[in-house]
Amino acid sequence: MININLQPEYILSVSGIFLTNTFLTSILVTALFGVMAIIFYKKKQSRKNIFINGIRVLVFELLKLTDMVTQDRKLSKKILPLITTFFLFIVTANLLAMLPGFLGSFFIKTASGKVSILRSPNSDLTVTLALALFSVLAIQFFSLQTLGIKKYIRRFFNFTNPIKFFLGFFDIISESVNVLS
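Residues in the sequence shown are numbered consecutively from 1, following the working numbering.
Treat the hints with care, as some may be off.
[As the list claims (entries may be wrong)] FRET-style restraints, in silico, Cβ to Cβ:
1. Ser112 <-> Phe87: 32 to 40 angstroms
2. Leu125 <-> Ile50: 37 to 45 angstroms
3. Leu180 <-> Gln145: 19 to 27 angstroms
No lab work stands behind these hints: they were computed from the structure.
Glycine residues also receive a C-beta, built at the ideal position from the N, C-alpha and C atoms.
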C-alpha cells in the first residue's frame, strides 16, 4: 500500500543539497514544456496545421477572458503568460502523476527506506509554497509596474487620512499572509 506523505522525500544528496522526487518530476514537466515550445516554434509558420491553429484560438479566447477581468489589453498581455504557465504546470504535473511509474512503481533505497523516484510536485508542500510565493511576488511586481512606485507605496502608507493610514497596515499584513493562504 502507498504511504501518503506531505513531507518531501529525498532521493539524492549532492554536496549537501538534497534532491527530492517532486523536484525531479518538476524538472521533467519543465523539460516537457521546453520540448513542446520548440516544436510549437518550429511549426508556427505553418498556417495549415490544425493543432497550431487550435492553440492560437485557445490563446485568443484566454486573452479575451483576461481582458474581461483586467479591462486592459496591455496588462492582459503581460499577465496571461504567467497565469497560463501556472495552470499548465499544475495540470500537467497532476496528469503526469497518473501515468504508470509514478505512484510507487519505481523505488530507490535511501537511508529512510524505500522512496518512489517520481512523485507529483503538488503533493509536496515545498512546491506548493514555492508556487504561492512566486505568484504573490509576481502580483506585487505587476502592481508596482502598473501603479508606479509612488502610488504603490501610497497604497500601504497613506498619510492623507488616519483611517487610510491604519488600513495600510492591514494591507501589509494581508499581502504577507497571502503566501500562507
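Consistency of beta-carbon spacing, Gln145 to Leu180, with hint 19 to 27 angstroms | holds (25 angstroms)
Lying within 37 to 45 angstroms: is that true of the beta-carbon distance Leu125 to Ile50?
-> holds (41 angstroms)
In this structure, is the beta-carbon distance linking Ser112 and Phe87 contained in 32 to 40 angstroms?
-> holds (34 angstroms)
Every hint, counting from the list given before, is met by this structure.
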